[in-house]
Amino acid sequence: MTSLFKDPAFWTVVLFLAPLLFRVPIAVALGMSTIFVVWHWDMGYQMLSYSFFAGIAKFPLLAIPFFILAGVIMEKVGIAERIIRLIKQLVGDMTGGLAIATVIVAAFWGAVSGSGPATVAALGLILIPGMSNAGYDKAFAAATVSVASGLAIIIPPSISFIVYGDIMQQSVGALFAAGVFPGILVAGFLCVAVYIISRKHGYRGEPRGSRKEVLAALKDAFWGIFTPVIILGGIYAGIFTPTEAAAVAIFYGLFVGMFIYRSMSFKILYEILKETVVGTAVVMFVVACAGLYSWLGATVGLIDKVAGGLTSISSSPVVILLMINIILLFAGMLLDANSIFYVFLPILAPVIAHFGWNPIWFGIMATTNMAIGQVTPPVAVNLFVGARISGISMERIARPAIPLIIAAMAALVFITAFPEIALFLPRLMGML
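By the count of our numbering, the sequence shown reaches residue 503 at its end, each step adding exactly one.
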């Protein structure tokens, strides 16, 4: 026991977990634990500033602020509102139509935003009141928006894929391609779940508009619908990299806002830049601190010890895969996706290599876990944003979210059991 207390690997874990119990921000807990262990065991604290900078000074990570900026632009210039209007016209008053439309819009917006909380913020202001006014329970409406917005990190482009690709040295383009069918699968399971719930409670939407109104809504939303085509089409066609695609998306959004919808103003531009700076600072601070922590984990031998412990538990890949999924699901209840990747991926990388698992498929499976984690308390960042927008407590939203979370977990089982769901498209495109 005495030797355990003298082990820096032990304190690396304890000093990270203990502050979380007192609701210390994740990035601060990661940074504080790293700094203390490095200082106390004299591991060369002079390296901390260099490692902090080196962790974020990477070209692929430029896509993160670019995609955040692109998503905010698309929201502020009115693209989200027009897409929602079109979907509502198409589904009409079918049973659960607005709930199903919410899942579809969230999946579509995921192809623009790449961030779960940002998707809740962009869509919730319009969809939650809209569903409530149509007779849906407001807590169910908020839960549907919150859970469906998790699709934003599964369906490309995804900030989580960018972080995963950077850590695991995998092609971000291949990850984007691999996320398409799993994202559609999760969306399909959610659509079935919200339909069953809506049928049970008699939830319907508003009457479908006339053919003329539908065509007018389609014409109005065309420029928004075309956005994912530009982003993903350009990447898959090899015209530009994911980082360049994000930059193209920014200029496209500005063009639409200024010259097509004419909704851009200096005030809106200021709000866009302010929101982007804050969002980027939060993400990149977490990435930098988590990068320090993963470096420390490798230095003190924590990664080797945990990875060796996992592989010694069982020789069955099924058992280990089940354990990893459980660990990631529990981690998702406490940490954000980027922190989880930086903390756990260095540990899991030797396990992935030991069992010969495809790292692209593993990334999709892990990210699906993260999407579920965004709506599982106590952290549940998507539910928190949904609660703030709807004006009702997170506890009230959590209850109707349970069947939707179960549906997402069912989709996760399929993604885990059948890797080809994720790997088929990148193989078809010659990326693997």
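In short, the hints are calculated from the structure, not lab data.
Source: prediction; values computed, not measured.
Here a beta-carbon is modelled for each residue, glycine too, at the ideal position from N, C-alpha and C.
Do not take every clue at face value.
Below, a list of computed lysine-lysine pairs in the DSS-like style, where the Cα atoms sit at most 27 angstroms apart [said to hold, decoys possible]:
| hint | residue 1 | residue 2 |
| --- | --- | --- |
| 1 | Lys209 | Lys147 |
| 2 | Lys345 | Lys129 |
| 3 | Lys147 | Lys338 |
| 4 | Lys376 | Lys147 |
| 5 | Lys77 | Lys376 |
| 6 | Lys271 | Lys209 |
| 7 | Lys147 | Lys271 |
Each pair of labels, with its calculated beta carbon distance range [unchecked claim]:
| hint | residue 1 | residue 2 | range |
| --- | --- | --- | --- |
| 8 | Ile397 | Glu466 | 17 to 27 angstroms |
| 9 | Arg333 | Ala89 | 51 to 61 angstroms |
| 10 | Gly163 | Ser385 | 29 to 39 angstroms |
| 11 | Ile463 | Phe337 | 30 to 40 angstroms |
| 12 | Phe495 | Met114 | 28 to 38 angstroms |
| 13 | Ala352 | Ser281 | 28 to 38 angstroms |
| 14 | Arg279 | Phe130 | 44 to 54 angstroms |
| 15 | Ile310 | Lys129 | 17 to 27 angstroms |
Verification of the hints:
For the given pair, lysine 209 sits about 24 angstroms from lysine 147 by alpha-carbon distance, which is consistent with the 27 angstroms threshold. Between lysine 345 and lysine 129, the direct Cα distance comes to roughly 23 angstroms. Compliance with the 27 angstroms bound is thereby established for this hinted pair. Restraint check: the Cα-Cα separation between lysine 147 and lysine 338 comes to about 11 angstroms, which is no more than 27 angstroms; the hinted pair holds. The suggested pairing of lysine 376 with lysine 147 is violated, with an alpha-carbon distance near 48 angstroms, which exceeds 27 angstroms.
Distance hint between lysine 77 and lysine 376 is fulfilled; the C-alpha atoms sit about 15 angstroms from each other, no more than 27 angstroms. Only pairs whose Cα atoms come within 27 angstroms are accepted, and lysine 271 paired with lysine 209 is accepted, the gap being roughly 16 angstroms. This hinted pair does not check out: lysine 147 and lysine 271 have alpha carbons roughly 36 angstroms apart, beyond 27 angstroms. The beta-carbon spacing between isoleucine 397 and glutamate 466, approximately 24 angstroms, falls within the hinted interval of 17 to 27 angstroms.
In this structure the hint that arginine 333 and alanine 89 lie 51 to 61 angstroms apart at CB holds, the actual value being about 53 angstroms. Distance hint check: the CB atoms of glycine 163 and serine 385 are about 52 angstroms apart, inconsistent with the given range 29 to 39 angstroms. In this structure, isoleucine 463 and phenylalanine 337 meet the distance hint of 30 to 40 angstroms, their C-beta atoms being roughly 35 angstroms apart. Phenylalanine 495 and methionine 114 have their C-beta atoms about 45 angstroms apart, which leaves the hinted 28 to 38 angstroms range violated.
Checking the proposed 28 to 38 angstroms range against alanine 352 and serine 281 shows it is violated: the Cβ atoms sit about 47 angstroms from each other. Taking 44 to 54 angstroms as the suggested C-beta distance range, the pair arginine 279 and phenylalanine 130 conforms, at roughly 47 angstroms. Taking the beta carbon of each, isoleucine 310 and lysine 129 are about 22 angstroms apart, inside 17 to 27 angstroms as hinted.
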